[in-house]
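Residue numbering for the sequence shown follows this note's numbering, starting at 26 and increasing by one per position.
No wet-lab data here; the hints were simulated from the structure. C-beta atoms are modelled at their ideal positions from N, C-alpha and C, and glycine is treated no differently. Don't take every hint at face value.
Per label pair, the in silico range of CB-to-CB distance [said to hold, decoys possible]:
id, residue 1, residue 2, range
1, 347, 68, 53 to 63 Å
2, 276, 135, 48 to 58 Å
3, 125, 87, 50 to 60 Å
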Amino acid sequence: MNTLAAALVNAREAACLTQEDLAERSGLSVRAIRNLETGHTSRPRKQSLLLLGKALGLPPAEVGRLLRTPREANRPERPPRFLPAELPAAPRDRLVGRERLIDSLRAHLATREPRDRGRPAVVVGPPGAGKTSLVLQVAHGVRDRFPGGQVFVDLHPASGDPLTPDMLVRRILRSLGGAAAAENPEEAGARLRDALSRRQVLVVLDNVDSEAQVRPLLVDDARSAVLVAARRELAALPGQFRHRIGGLDPIESHKILEDLVGAVRSRAEPSAAMGIVQSCGRLPLALHIAGLWLSARPHRALRDLADRLVDERDRLPFLRLGDLSLQASVAARHQVLPASVTAALRQLGALRGDFGIDDVVARAAPSREVAVDLLDELLDRQVTYVSKSCGNDRVRYRLYDSVRLYVAYGPGGPPSDGEPAGSVWLPRQAGTTRVPVGAEERRR
């Protein structure tokens with residue numbers, strides 16, 4: 026903080042005023058006062074300082090001293106006492122098919138354009154698409170641009186309960202050196218915004234489920250940046266720089282397998298390699314597990330694995346190696362879904378390939394209106410995607426293959442014999458009981 030900035034802060038605090046109070050008294054904006062107090066405005070107007078002096082009730086001699094206070098605009102910022110470096114290790118393997126996306130995200134985070142500063146970068150996609158690996162690769166590539174530190178928070182840690190927005194605010198404050206974080210949530214949020222405005226900090230959030238978990242970090246014209254791996258669409262988050270990811274194309278998927286098992290071995294069994302790619306649903310996590318399984322067994326043929334993955338009932342449990350598990354990734358997503366969504370998924374799990382609104386009405390919704398809302402919810406939750414679109418009445422959908430396998434053969438299993446097909450509840454419905462679909466509706 027430069028000398029003028031320190032003088033202004035001291036004078037305001039001595040007058041027991043907040044930045045908002047001072048803005049109201051002086052006629053200046055809160056942003057203008059914040060920029061002066063943080064040193065962002067290196068050449069303030071004389072009239073602005075006169076207005077501040079009058080609003081602070083300073084005598085003429087003190088106002089004159091304030092006007093003569095050196096700015097020291099070129100003095101390097103004193104490094105903060107606490108410099109967190111919390112990023113987990115970056116992926117060691119190249120992220121095939123994500124190169125352009127990585128470059129785009131890094132360019133956004135490193136921008137100095139005023140219109141882009143403060144806009145959170147969001148990556149959203151289904152379980153197993155590699156969101157965490159992607160954001161870590163991006164974060165490590167730009168960490169030198171954030172000398173104030175890098176903070177990493179998993180909002181849904183496997184070893185504990187999910188973090189609420191208030192818990193997240195205090196967690197980041199502690200990382201930035203604010204051990205004695207304010208108990209009052211509003212004050213804690215204000216301290217965090219102040220810290221993110223003054224310092225160049227990169228905050229990476231993993232497994233985000235709601236806009237409320239990100240909103241406390243949003244600061245206009247911030248020097249810090251926020252990078253998010255989201256489990257669902259964050260449509261209400263303002264100004265986000267969003268990218269959606271899903272499965273890779275066949276060529277990219279084959280490259281992941283080839284990188285791990287070797288080109289010679291992969292090209293010697295092209296049909297087996299393609300069978301593995303298809304069984305993995307072209308998801309990076311599944312392909313990575315398959316490639317590591319084969320690389321650990323150089324004496325085994327690719328056909329051995331391809332044959333093991335043919336039976337859908339065994340596919341998810343088999344795609345597991347050490348602490349890597351496709352089934353665990355899908356289960357973590359499934360466990361936080363609303364009951365309405367899990368009920369619908371159980372009804373739709375038997376559908377292979379594309380389906381439309383009429384199929385949803387026949388299996389999981391009492392009307393077309395409810396079916397449309399349900400499909401929107403499934404898209405939002407990243408368990409299904411639009412496979413074809415030929416006008417509003419000809420949109421076709423498809424469950425992500427890993428999700429379909431989980432609801433068909435996982436712990437939840439298919440609907441029991443005693444549960445009528447098409448029984449579903451959605452938040453928009455008036456009651457809280459599930460509404461069974463009549464025979465007439467099911468025949469439509």
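Verification of the hints:
| no. | hint | in the structure |
| --- | --- | --- |
| 1 | 347 x 68: 53 to 63 Å | holds (58 Å) |
| 2 | 276 x 135: 48 to 58 Å | violated (30 Å) |
| 3 | 125 x 87: 50 to 60 Å | holds (56 Å) |
Violation of the numbered hints given earlier is confined to hint 2; every other hint is satisfied by the structure.
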